[in-house]
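Heads up: the protein sequence lines correspond to chains A and B, in order.
Counting with this note's numbering, you get residues 12 to 127 for the letters of the first sequence.
Counting with this note's numbering, you get residues 40 to 155 for the letters of the second sequence.
Any given hint might turn out to be false.
Calculated cross-link-like contacts (lysine to aspartate or glutamate; reagent style EDC-like; alpha-carbon spacing at most 20 Å) [as the list claims (entries may be wrong)]: (1) B:Lys142 <-> A:Asp49; (2) B:Lys142 <-> A:Glu106; (3) B:Lys152 <-> B:Glu54; (4) B:Lys100 <-> B:Glu54; (5) B:Lys142 <-> B:Asp124; (6) B:Lys88 <-> A:Glu106; (7) B:Lys142 <-> A:Glu41; (8) B:Lys142 <-> A:Glu63; (9) B:Lys142 <-> A:Asp73; (10) B:Lys107 <-> B:Asp124.
In case anyone wonders, no lab produced these hints; they're calculated from the structure.
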Amino acid sequence: NAGVTQTPKFRVLKTGQSMTLLCAQDMNHEYMYWYRQDPGMGLRLIHYSVGEGTTAKGEVPDGYNVSRLKKQNFLLGLESAAPSQTSVYFCASREATGGRGQETQYFGPGTRLLVL
Amino acid sequence: AQSVTQPDIHITVSEGASLELRCNYSYGATPYLFWYVQSPGQGLQLLLKYFSGDTLVQGIKGFEAEFKRSQSSFNLRKPSVHWSDAAEYFCAVGRGITGGGNKLTFGTGTQLKVEL
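Input sequences plus hints: build the corresponding full structure.
This is how it looks when you write it as structure tokens:
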């Protein structure tokens with residue numbers, strides 16, 4: 012049981028390049044999330060998904076797109092990377108029980124992205 | 040809107056000393072509160088959570104936290120710190136969101152340094 016895994020671990024991009032970050036979970040969780048972590052700002056929600064084929068915007072969605080074609084995978088895309096997107100990106104997942112806010116989110120190890 | 044404040048950016052304690060990390064939240068309803076720990080280069084690991092019942096909750100690694108509604112606080116404590124506890128600690132408040140799932144709002148984190 013690997014939990015939540017993220018690919019790649021580290022990437023350097025030039026401004027304007029595109030890339031996709033992959034998040035995979037083997038816990039059969041319904042909900043998945045993408046966060047970005049910046050110094051002094053904690054984690055901020057970019058996009059999330061409440062099930063296969065669904066996505067929704069979080070706090071800071073601009074410049075990112077996501078897809079959830081398979082339940083176990085949640086992809087985060089940057090179509091035209093900008094230096095402001097230099098960050099550490101975390102994926103999380105949780106099971107679909109209750110939904111009132113108390114359920115635990117399980118996090119992946121993160122992807123460090125540097126945009127030059 | 041919900042918010043979380045961690046007033047201490049950095050804290051240094053000696054190994055064996057007691058620890059208290061502060062967390063204050065702002066939320067209109069019954070809060071669901073979490074403490075996560077992030078070791079260098081790692082993802083976030085759940086230490087403990089509160090959503091109802093006893094206001095003193097026990098977590099992993101000897102940590103505990105006390106929910107005080109009157110003070111809007113959820114401070115994390117450990118009676119005797121170990122060098123391996125050096126990490127960044129995040130407090131978060133969760134709530135349900137439209138369409139299911141939950142949304143976590145994180146504080147900006149407290150970096151703990153342990154002196155030997």
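| message | For a C-alpha distance cap of 20 Å, please report whether B:Lys142 and A:Asp49 respect it. | response | holds, 18 Å
| said: Run the distance test for B:Lys152 versus B:Glu54: straight-line Cα separation, threshold 20 Å. | reply: Measuring from Cα to Cα gives roughly 10 Å; hence the hint holds.
| task | With a cut-off of 20 Å on the C-alpha distance, tell me whether B:Lys100 and B:Glu54 pass. | result | holds, 15 Å
| Does the alpha-carbon distance linking B:Lys142 and A:Glu41 stay inside the 20 Å limit? | holds, 14 Å
| query | Keeping to a limit of 20 Å between CA atoms, is the pair of B:Lys142 and B:Asp124 held or broken? | reply | Violated - the C-alpha atoms of B:Asp124 and B:Lys142 are around 27 Å apart, more than 20 Å.
| said: Tell me if the straight-line CA distance from B:Lys107 to B:Asp124 falls inside 20 Å. | reply: With a Cα-Cα distance of about 24 Å, the restraint between B:Lys107 and B:Asp124 is violated, given a limit of 20 Å.
| field | B:Lys142 paired with A:Glu106 [C-alpha distance capped at 20 Å] | value | Judged against 20 Å, a Cα distance of about 13 Å means the pair holds.
| request: Could you grab the alpha-carbon distance between B:Lys142 and A:Asp73 and see if it respects the 20 Å cut-off? | output: Since the Cα atoms of B:Lys142 and A:Asp73 sit roughly 18 Å apart, the hinted pair holds (cutoff 20 Å).
| task | Measure nothing beyond the straight line between the CA atoms of B:Lys142 and A:Glu63; if it is 20 Å or shorter, mark the hint as holding. | result | holds, 18 Å
| Regarding the pair B:Lys88 and A:Glu106, is the alpha-carbon distance no greater than 20 Å? | holds, 16 Å
When the structure is compared with the earlier hints, violations turn up for hints 5 and 10 and for no others.
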